[in-house]
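Protein chains in written order, with my numbering: chain C, 1 to 243; chain H, 1 to 243; chain V, 1 to 243; chain Y, 1 to 243.
These are calculated hints, taken from the structure and not from any lab test.
Some hints here could point you the wrong way.
One copy or two, it doesn't matter: identical chains are merged, so the pair holds either way.
BS3-like cross-link-like pairs, simulated, lysine-lysine; straight-line CA separation at most 27 angstroms [stated by the list, open to error]:
| hint | residue 1 | residue 2 |
| --- | --- | --- |
| 1 | Lys177 | Lys227 |
| 2 | Lys3 | Lys164 |
| 3 | Lys208 | Lys132 |
| 4 | Lys11 | Lys201 |
| 5 | Lys3 | Lys222 |
| 6 | Lys132 | Lys42 |
| 7 | Lys220 | Lys164 |
Protein chains: 4
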Amino acid sequence: MMKILMNDKGKKFLIGTEDLHTEQGYIKQEEIASSSPGDVLKTHMGREFHVLEANINDYIQLMDRRCSIILPKDLGIITAYTGLGSGQQIVEAGTGAGAATIFLGNLVGENGHVFSYELREDFSQIAEKNVKGFGLENVTLKCQDVVEGIDEENVDLVFLDLPKPWEVVEQARDALKSGGYLAAYTPYIDQVKLLTRILKKRKFSDIKSVECLVREIEVKDKGVRPKTRMTGHTAYLTFGRKV
Amino acid sequence: MMKILMNDKGKKFLIGTEDLHTEQGYIKQEEIASSSPGDVLKTHMGREFHVLEANINDYIQLMDRRCSIILPKDLGIITAYTGLGSGQQIVEAGTGAGAATIFLGNLVGENGHVFSYELREDFSQIAEKNVKGFGLENVTLKCQDVVEGIDEENVDLVFLDLPKPWEVVEQARDALKSGGYLAAYTPYIDQVKLLTRILKKRKFSDIKSVECLVREIEVKDKGVRPKTRMTGHTAYLTFGRKV
Amino acid sequence: MMKILMNDKGKKFLIGTEDLHTEQGYIKQEEIASSSPGDVLKTHMGREFHVLEANINDYIQLMDRRCSIILPKDLGIITAYTGLGSGQQIVEAGTGAGAATIFLGNLVGENGHVFSYELREDFSQIAEKNVKGFGLENVTLKCQDVVEGIDEENVDLVFLDLPKPWEVVEQARDALKSGGYLAAYTPYIDQVKLLTRILKKRKFSDIKSVECLVREIEVKDKGVRPKTRMTGHTAYLTFGRKV
Amino acid sequence: MMKILMNDKGKKFLIGTEDLHTEQGYIKQEEIASSSPGDVLKTHMGREFHVLEANINDYIQLMDRRCSIILPKDLGIITAYTGLGSGQQIVEAGTGAGAATIFLGNLVGENGHVFSYELREDFSQIAEKNVKGFGLENVTLKCQDVVEGIDEENVDLVFLDLPKPWEVVEQARDALKSGGYLAAYTPYIDQVKLLTRILKKRKFSDIKSVECLVREIEVKDKGVRPKTRMTGHTAYLTFGRKV
Ligand SMILES: C[S@@+](CC[C@H](N)C(=O)[O-])C[C@H]1O[C@@H](n2cnc3c(N)ncnc32)[C@H](O)[C@@H]1O
Ligand SMILES: C[S@@+](CC[C@H](N)C(=O)[O-])C[C@H]1O[C@@H](n2cnc3c(N)ncnc32)[C@H](O)[C@@H]1O
Ligand SMILES: C[S@@+](CC[C@H](N)C(=O)[O-])C[C@H]1O[C@@H](n2cnc3c(N)ncnc32)[C@H](O)[C@@H]1O
Ligand SMILES: C[S@@+](CC[C@H](N)C(=O)[O-])C[C@H]1O[C@@H](n2cnc3c(N)ncnc32)[C@H](O)[C@@H]1O
């Protein structure tokens, strides 16, 4: 279990191995170490910080994210559309900083496994640190080009977040079990078009592409309304199923 | 593992204990029973049916759904926004036909558990059949009014899909562990408003309401375009976190 | 001025040269003829029908629409994004049944003019009837292929609703006044891409493509919520301006 | 006709009574005065500026806008849903800086008229300057509280952009001709609810509320995709029709 501190404005802080210094004062490391979720600690300036058990979103938000990461909304749609669950085997590429990796590792649990491929060694190392930091032991990071082949077999999902997912369709097909899914995250519609063509050619079934828009609602004393600004686009999600 | 048959148009069929009769001919029960995912069976009219391992979405689509069920998109957002994962403890109300129950049970796996409350005995029985049919052993169905109290403690998520979620906020608070989430699914904006007020009063943090729109993209030879019709609204999702 | 009748359920009826026969009884032609907007007429069964001055949306909804027509939302965006107003000169192609033609003719008024090109004589004739029926005298229908050339000059807007708008970019450029707009309505993203390339090549400025989603809100006693079903896509609107 | 200058990056400049000074050099007033749309002028640094005929969107973008103004998308929907056209009579409140006023004045033309009510004298004066600057002669600005009454009769549209439109429903009803529309722009869903109740009570027909989302599409060499950021909400538009 990982702890996290939250100040009275809802701002969150990861806990390291040193005293926590904030604009609202500091809290001693020993005090933090001996606290439990639900406790309230005070800074030397008397400001209250709540101790919470960190959840995965806290962690991903606060970890080292040197490359762009997938938003929760898209991870949620992938989970629901491919029927992800505890105990599944997943292949992912590329790892990036590991946001999706951690989400998927947390989801499949100790009876499941995530194998994540990444070309670049620097990203693979950041991801390593991030995955370890969250305490996951069911993740294998592979600094390999996924185009050259997928070592695993009989997996439930191959998830692709890389520029040319169509180059991996055949490898994915070989790695998937019957009924398993390929899911790809691609910002451009041109990528959707090309990938769909290859999925059809390789006889995937249930081919489908969607986009997901999440809009936040503001509930204020003056009234209720959607927020003025929203994310208009992250990427399209394309799915195919091996028959 | 549950098997499913799919014809050449992508239509899927649950497998019962009898021969499968379809418009494209029948397949004998023995033949189905001895088949494995990946096999192709032929009807007496020579039409091909693929054997697939049923996944959760196949199952929920085909099971007995006598009351309205939550769409995958909303279950996905709940999963991602509350950081759901393998091994978690979840309280749900009401069960309805059990679509959300099965999704959540599948997600938390054998180290986790779902406790689902339902007022009406008829729904609880349908849900029982559906949950059993999917083979889940980590679900406890309770034919009880959740307003009268939640028996569980220290749970990760209380998920509410019932008309007056604000009546359950205090009970949920007592049931949740520190850092755990309440999530509610409500079709009307008026419900969002009232629930938010009560969540604030009960000192929940990270209070947030969103709506999720999923739009399907058609990739045809003529070109690529979003589908003409889409689901414009299911419900708002409101989240709060116990500190 | 054109009159229209509306029953107590909000259903509307165009007035012809004969008695009006409805499921709720009939009303004599003479009675209708001598009525004024605001009057209430009764059928022989005693049901009340309101007399309204028909507006353009009533008319377009009720007229002969043998081909697919542009929705008001898209006509509204075209109007606002190109700064349409009274007195302007517009070239349109193709006419179809004339829905956009009538909208534009009504908008530019007697000091303005709409020149509308249509390949197919049958559509051109339906449009003729529809335009006349609405009483517009500022519209010229031309049964001509717009690709072969636009006769007009110095126009404010060239509006294209046909499959290959890029074939008309040069002709449109010649027809437009400096500062005038080309606007195109295309269902497929592939069309947007190709048209944009040609607009850039022909040195149009302010090139922009948008899509417009309108969602209806239901205000009921039970609460307020967006409608369950909505139109997810009609077409993309692409704009360019002649400098 | 009003002229405008545009540099090679698409940035636009209103023309005053003096030399134009920009970061790319200056252009003499006489040279500007004697230019015509379509001409290209050069700054003393040799940079090219195109002369365009200003259209209404250029003007509204560049004029003095001290209070928040309605976006074109919403003005477009109002136009299309109420069947606005040349020659109509419109009552508006409040004027604000006059963006909607100018749009509507331009639309109804010299045979139509816009009567715009504004409580605050400072806004009324800014609007006066803005309306004059655009050269409209069919607009009457009234520094009056619209709740106290509407002087006009038999108008086609009463458009309300003020916090409590329900206070004006009766006055609007008296001012409207049979078949005319009330349209209101309100950011909060609570306002929609209240207004709808009053419209029903006052026997308006065709009562409808919508929201309009416009998403821009980026067409780049790398591919086509919706923009990352978009406007998630401006306001709801509510319509009612006098029978
Ligand atoms: C956008 S990032 C992935 C981000 C990640 N999904 C997350 O949420 O944190 C894409 C990654 O794919 C990697 N990549 C690209 N092509 C690859 C290939 N052929 N094999 C393995 N990794 C690849 C890139 O180096 C990059 O780190
Ligand atoms: C819309 S259904 C739930 C559907 C379910 N989420 C699914 O996806 O299948 C709502 C259910 O809540 C139940 N319910 C309402 N109030 C309740 C209460 N106080 N305690 C337990 N169940 C309740 C109703 O009987 C109904 O079956
Ligand atoms: C979708 S319809 C237009 C509908 C119309 N905008 C409305 O709202 O009623 C397209 C029309 O364009 C016409 N068309 C296609 N190519 C053309 C061309 N090169 N010149 C003129 N008309 C053309 C077709 O015959 C068809 O009637
Ligand atoms: C948001 S602004 C209008 C902006 C305008 N629609 C535009 O697009 O530029 C609302 C205006 O309504 C005015 N107002 C509020 N209540 C009013 C009333 N009862 N009578 C007249 N004006 C009023 C305010 O002073 C304010 O200037």
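Problem - Hint numbers contradicted by this structure - result: Result: hints 1, 2, 3, 5 and 6 break, sorted rising.
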